[in-house]
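**Student:** Residue numbers (numbering that gives the first Met the number 0), protein chains in the order written: chain L, 0 to 358; chain G, 0 to 285; chain A, 0 to 126.
Be aware that a few hints might be false.
As the list claims (entries may be wrong) - Capping the alpha-carbon separation at 25 Å, the derived lysine to any residue pairs in SDA-like fashion look like this: (1) L:K193 to G:L263; (2) L:K133 to G:W38; (3) L:K50 to A:S6; (4) A:K89 to A:R55; (5) G:K258 to A:S6.
Think of the hints as simulated: they come from the structure by calculation, not from any bench.
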Amino acid sequence: MGTRTVIPFGPQHPVLPEPIHLDLVLEDEKVVEAIPKIGYVHRGFEKLVEKMDFNELVYVADRICGICAFIHSMAYCQGVEAVMSVEVPPRAEFLRTIWSELARLSSHLLWLGLMADAFGFESLFMQSFRIREKIVDMLEEMTGGRIILGVCRVGGVRRDVPNDALADIVRRVKDLGVEMHRLADVFLQDDSVKHRLVGVGVLIRDQAAELGCVGPMLRASGVSRDTRTLGYAAYGSVDFAPIVEKDGDSYARCAVRIRELFQSVDLVAQAASKIPGGEVGVKVSGYPEGEYHSRCEQPRGEVIHYVKGDGTRYLQRYRVRTPTFANIPALLRMLQGCELADVPVLVLTIDPCISCTER
Amino acid sequence: MSPLDTALLAIVVVVAAPIAGGLLAGIDRKLSARMQSRWGPPLLQPFYDVRKLFRKETIVVRRSQNFYVYFFFVFMVFTAALFFTGGDILLTIFALTLASIFLVLAAYKASSPYSFIGAERELILMMAYEPMVLLAAVGMYLVTRSFIVVDIARSPQLLALRLPGLFIGFVVVLVVKMRKSPFDLAASHHAHQEIVRGITTEFSGRTLALIEIAHWYETTVVLGMAALFFAALPWLAAVAAGCVFFLILLVDNVFARVKWQVALATAWITAAALGVGNILVVFFLR
Amino acid sequence: MSVFGMSRTIMRNLFSGPATRLYPTREKEPHRAARSRGRIEIDIEACIFCSACAKRCPTDAIIVSKTDKEWNIDRLRCCTCNACVEVCPKKCLAMGNRYTPPTVTKDKDIFRQPPRPPKEPETIPGA
Numbered sequence: 000m001g002t003r004t005v006i007p008f009g010p011q012h013p014v015l016p017e018p019i020h021l022d023l024v025l026e027d028e029k030v031v032e033a034i035p036k037i038g039y040v041h042r043g044f045e046k047l048v049e050k051m052d053f054n055e056l057v058y059v060a061d062r063i064c065g066i067c068a069f070i071h072s073m074a075y076c077q078g079v080e081a082v083m084s085v086e087v088p089p090r091a092e093f094l095r096t097i098w099s100e101l102a103r104l105s106s107h108l109l110w111l112g113l114m115a116d117a118f119g120f121e122s123l124f125m126q127s128f129r130i131r132e133k134i135v136d137m138l139e140e141m142t143g144g145r146i147i148l149g150v151c152r153v154g155g156v157r158r159d160v161p162n163d164a165l166a167d168i169v170r171r172v173k174d175l176g177v178e179m180h181r182l183a184d185v186f187l188q189d190d191s192v193k194h195r196l197v198g199v200g201v202l203i204r205d206q207a208a209e210l211g212c213v214g215p216m217l218r219a220s221g222v223s224r225d226t227r228t229l230g231y232a233a234y235g236s237v238d239f240a241p242i243v244e245k246d247g248d249s250y251a252r253c254a255v256r257i258r259e260l261f262q263s264v265d266l267v268a269q270a271a272s273k274i275p276g277g278e279v280g281v282k283v284s285g286y287p288e289g290e291y292h293s294r295c296e297q298p299r300g301e302v303i304h305y306v307k308g309d310g311t312r313y314l315q316r317y318r319v320r321t322p323t324f325a326n327i328p329a330l331l332r333m334l335q336g337c338e339l340a341d342v343p344v345l346v347l348t349i350d351p352c353i354s355c356t357e358r
Numbered sequence: 000m001s002p003l004d005t006a007l008l009a010i011v012v013v014v015a016a017p018i019a020g021g022l023l024a025g026i027d028r029k030l031s032a033r034m035q036s037r038w039g040p041p042l043l044q045p046f047y048d049v050r051k052l053f054r055k056e057t058i059v060v061r062r063s064q065n066f067y068v069y070f071f072f073v074f075m076v077f078t079a080a081l082f083f084t085g086g087d088i089l090l091t092i093f094a095l096t097l098a099s100i101f102l103v104l105a106a107y108k109a110s111s112p113y114s115f116i117g118a119e120r121e122l123i124l125m126m127a128y129e130p131m132v133l134l135a136a137v138g139m140y141l142v143t144r145s146f147i148v149v150d151i152a153r154s155p156q157l158l159a160l161r162l163p164g165l166f167i168g169f170v171v172v173l174v175v176k177m178r179k180s181p182f183d184l185a186a187s188h189h190a191h192q193e194i195v196r197g198i199t200t201e202f203s204g205r206t207l208a209l210i211e212i213a214h215w216y217e218t219t220v221v222l223g224m225a226a227l228f229f230a231a232l233p234w235l236a237a238v239a240a241g242c243v244f245f246l247i248l249l250v251d252n253v254f255a256r257v258k259w260q261v262a263l264a265t266a267w268i269t270a271a272a273l274g275v276g277n278i279l280v281v282f283f284l285r
Numbered sequence: 000m001s002v003f004g005m006s007r008t009i010m011r012n013l014f015s016g017p018a019t020r021l022y023p024t025r026e027k028e029p030h031r032a033a034r035s036r037g038r039i040e041i042d043i044e045a046c047i048f049c050s051a052c053a054k055r056c057p058t059d060a061i062i063v064s065k066t067d068k069e070w071n072i073d074r075l076r077c078c079t080c081n082a083c084v085e086v087c088p089k090k091c092l093a094m095g096n097r098y099t100p101p102t103v104t105k106d107k108d109i110f111r112q113p114p115r116p117p118k119e120p121e122t123i124p125g126a
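This is chain L alone, in the form it adopts within the complex:
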């Protein structure tokens, strides 16, 4: 038995994109225990319901997170729309779907890059970000924002995209698919990458379900659960099936996200081909009264926005349950008994978004 060392990991650490702190108790290079500390970026967003009316709160929801920004604002808008029984025009629903999927592409490519960085593959990291940059450029052309799109509003979306511009976007996303295939080959075939991923941090199906995992974490362990199948926005009108892998290790999680890249490309194309004409927003009058749990599928998993209004301009209660929050227990389980070299890989496989989690 070696001597025990405690390695402070974070909140500022080169391989951690997010401010979480882990005290890693090591025996030689084996992690015996991991003690997490969070709370470094709590900003009190939910308290802002007292200061900002339900329309202005969309901007806040947009800024909960820097990567899944659009889906947060969409989930919030859906919540308020449900409370107020607002019928969103179908064109807006389809545009929301397209932007969600592009946001997913950008998020997954970012994740792949960070993952490559975590196992020390710098050129793969740069390549992922190079592809992601093109997705972000497309979002900028369509909405004006690169990361925080700021296009959702209660009752629809704030910007329309002409059909020919959409067709152009679809063509360019499909072209990117070729580059993504090359990237995917390295992630899924290269032996030095497999050496770092296969069998690392295995969560079997029951464990994943018991620990309450969501999103790609859960699907990589063989549970077919994807909130998009609820059919919110225009997901009811497009054809897709949740992507599931069986092994439950880091490699399976990587594979789920890579296959979701291609699924997203397909969904963007489907939505753009089926998009109806018409308005992209309706005027909303009155104030929300009632409560609603709005559920959406973030790139990281299921997000729940709880909205409660009491018939005034200001919401009474607003609460966000982010996917990372649900995945942290699984992370701690995986960290026990892993090697120090695996820690960055494991922390990243849950695709941590601590800023989301702490709001």
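Position chains G and A relative to chain L; hints supplied.
**Tutor:** Frame of chain L, contents of chains G and A only:
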């Protein structure tokens, strides 16, 4: 060579080796950047970095850690002078090892968990590459009947033809020595790993600049050793050193960082199969 | 065994030149997409100082003074949400696609309407 000539040559080496090493580091960064479709820093960036480090405040955990770094630097300069003036190759290798040991001691002395684990990993890496380096020296002796670098270099035989296995094995050592992926687990050039910058985490200012310069000496020495395999044809030696350098950059960019078990296994298996195998062939087919 | 899977991409990158730019010296052309949210621009001549933008601003970045004929924006507070542009009755606000240049001070951008000639014309010249 007269002792005076040797002394003059040694002075030239001490001045020229870090310049060559720094330029190589600059080329390394530029080429790596282009491989990743980035612009990359200017060619002379490593020199700018070191100049800046010299101007910075040196913050230490314990003052004695710098003491070891000075020894690391001195022995690295000694290694380079010894090798390029054509001294004993075994002595060169031992001086190189001693220098690395001083760096490990410095990292242990810094008593930070990151540099501590970095030092442990560096020791494992030294265990991994040391057999191969010694086998290379033994192989050279078997072919040229001398451990003296000058004699090896003057040998009319192209060593790489007689010792292909040892040469390939030595390239693996180079990857470790130049702190490149897949073997950059003790300290990598970019701080993106679980132990921050590993062995050099706790060094700053002038001390870090010295480590950087010592590393340039190290790079020139190990590349010089690789070139020694082609010493019979000097132009080929230069081309070979360039090719090896490019190959290492390529390897750096197409591999993930491996764990220490695999690093050790890879290095020892190459040493056992290619190194020992090659020596046996040379020994019995002489 | 599959190693060197990345080498094809890498060699292609090596010969096809960098995808990045030396940013401050070389900018992207065209600079940004037409829709990019850069910064709020105002045609101060057309402004009637109704304060609708200041009221709608979620970050309180805009301050309007009717008496001084002054329109202020704190660029560092502004989240370029476009709400002020949408609410402006005279359409004198616009979303420019260039970003605010970097700054080291927290100054406000102040726009002051020059005093009008005594008799106000029907159409504003040069607007």
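**Student:** Hint by hint, note whether the structure agrees.
**Tutor:** A quick look at each hint next to the structure:
A hinted pair counts as satisfied when its Cα atoms are at most 25 Å apart, and K193 (chain L) with L263 (chain G) qualifies at roughly 18 Å. Between the alpha carbons of K133 (chain L) and W38 (chain G) the distance comes to roughly 18 Å, so the proposed pair stays at or under 25 Å and holds. For a cut-off of 25 Å, the pair hint linking K50 (chain L) to S6 (chain A) is broken: about 55 Å separates their Cα positions. Only pairs whose Cα atoms come within 25 Å are accepted, and K89 (chain A) paired with R55 (chain A) is accepted, the gap being roughly 15 Å.
Between K258 (chain G) and S6 (chain A) the alpha-carbon distance is near 22 Å, which keeps this suggested pair within the 25 Å criterion.
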